[in-house]
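Here the protein sequences come in this chain order: F and B.
Per the working numbering, the very first residue in the first sequence carries number 12; after that it's consecutive.
Per the working numbering, the very first residue in the second sequence carries number 12; after that it's consecutive.
Keep in mind that the hints were calculated from the coordinates and are not lab data.
This structure is a prediction, so every number in the text was calculated from the model and none was measured.
You can trust all of the hints, since none of them are fake.
Which copy is meant is left open, so a pair is good if it fits within one copy or across any two.
Restricting the straight-line Cα-Cα distance to at most 30 Å, the calculated cross-link-like pairs of lysine-lysine (BS3-like) are:
no., residue 1, residue 2
1, Lys236, Lys87
2, Lys254, Lys212
3, Lys91, Lys29
4, Lys142, Lys67
5, Lys254, Lys211
6, Lys153, Lys200
7, Lys250, Lys220
8, Lys79, Lys200
9, Lys49, Lys125
10, Lys108, Lys227
11, Lys35, Lys125
12, Lys168, Lys250
13, Lys153, Lys211
14, Lys236, Lys124
15, Lys168, Lys212
16, Lys258, Lys168
17, Lys157, Lys212
18, Lys220, Lys124
19, Lys212, Lys200
20, Lys165, Lys236
21, Lys250, Lys212
22, Lys14, Lys108
Number of protein chains: 2
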Amino acid sequence: MIKVTVIGGGNVAYHLTKNLLDNKFVKVVQVYNRNIEKIQYLEGKTLITDSLINLKEAAIYIISVSDKAVADVSSKLRLKNKLVVHTSGSIAMRDLKSDANKGVFYLLQSFSKKRELNFSTIPICIEAERKSDLKLLETLAKSISKSVYHVDSKQRKNLHIAAVFVNNFANHLYTIGSEICEENNISFKILQPLIEETAKKIADLHPLKAQTGPAKRSDTDTIEKHIIRLTNNQQEIYKLLTKSISKTYDKKL
Amino acid sequence: MIKVTVIGGGNVAYHLTKNLLDNKFVKVVQVYNRNIEKIQYLEGKTLITDSLINLKEAAIYIISVSDKAVADVSSKLRLKNKLVVHTSGSIAMRDLKSDANKGVFYLLQSFSKKRELNFSTIPICIEAERKSDLKLLETLAKSISKSVYHVDSKQRKNLHIAAVFVNNFANHLYTIGSEICEENNISFKILQPLIEETAKKIADLHPLKAQTGPAKRSDTDTIEKHIIRLTNNQQEIYKLLTKSISKTYDKKL
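Sequences are here, hints too, so could you generate the full structure?
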């Protein structure tokens, strides 16, 4: 039984706490949030607190707050010789400002409060200063998910940038797709199967090989016909991504 | 029983023919390809030919060839008073050069020969000059898929552009994600669950509402830290998409 305390009440903390409460290898000792009302729903399931002083004894303290608050929150902890980890993709392990032993427990997924996720497939990227702590984090991670990776702070930063491309930016392309549909009285739902297949396909086929379309085959006729139908902002993006695809395959447009 | 002839042997024709051969409401009368060896595997299952002259009698002739070949192939057909349709997203119905009755039967999905697809969820966009032909296409489409839409040539062109954004361009962002991972000795597989969740999420949540990340929250600190780690080409794309997200939410960076 691993004793865990969760510090935070945002999307990640919410889903992680929920998952840990159902995890038979874990005991959630306490959950902290600066605004206690946000975690009131946990009363009866675990201890809750809005004070970082005198936290109960646990084996791992998981700080799951906004990136900006990690340094401040960690500096207030008095947990010397305890293991304190954060869950951020973009912050280095050393940015934990604490005399505790440090580590990272990064869940590589996009969380919204309303959407249930299957934790067993969420990649967990772990890092720790001490070998024994890494082992403990590995045990915890494996009790949650089948995908556990050792990822150092530099790799994790780059992974987070890659995630911006495949998640934030891909979603923005979906937004543009929805704009084009809505301007033309087409239900955006028509594109959903294509969007999901595009994502699933690359589990089997490297995206370099999965690429199709007018940019890949240097079909300037189609490209020109597309561009004149777009808004200025859409045009800029269309042109730049077309140029980039073209370069990737060493083609000239 | 609808009698159908398929003209073409590419990815779409391959999967469509396979599906129609298993469809109990359809009889595949004949399949044409200019290179008959490519469709030799169909021998015994249907008639095959490499001649567009004297095609057998059918109710619908489906031209599924490359966009560039549609005009040429259709102009060679002698099928007056028959229904001839193409399967292209970017070509207008009137671009069928034929004295036949015209229509369109557009399967909105990304096809690769090797990947099996569930046809029952593929959106089929139909159009026809004559009402009775539209009804026939609708019957055929509904025998294949649960998602059948009436889409005119102008709408279909715009739909095809939207598909370039959500499929071709999204896939290119996956390629960039894979580059970043590979440069840093990270398995690209770590990103697969995030990529699939990003795609699935917007079935429930409009992409405008699903947007997250540093551009959305105007986190210039993180944005600057990301940009310095990227190649020139990646930087250009990062900056433009960040600017576009920022504009979409009326924020200033």
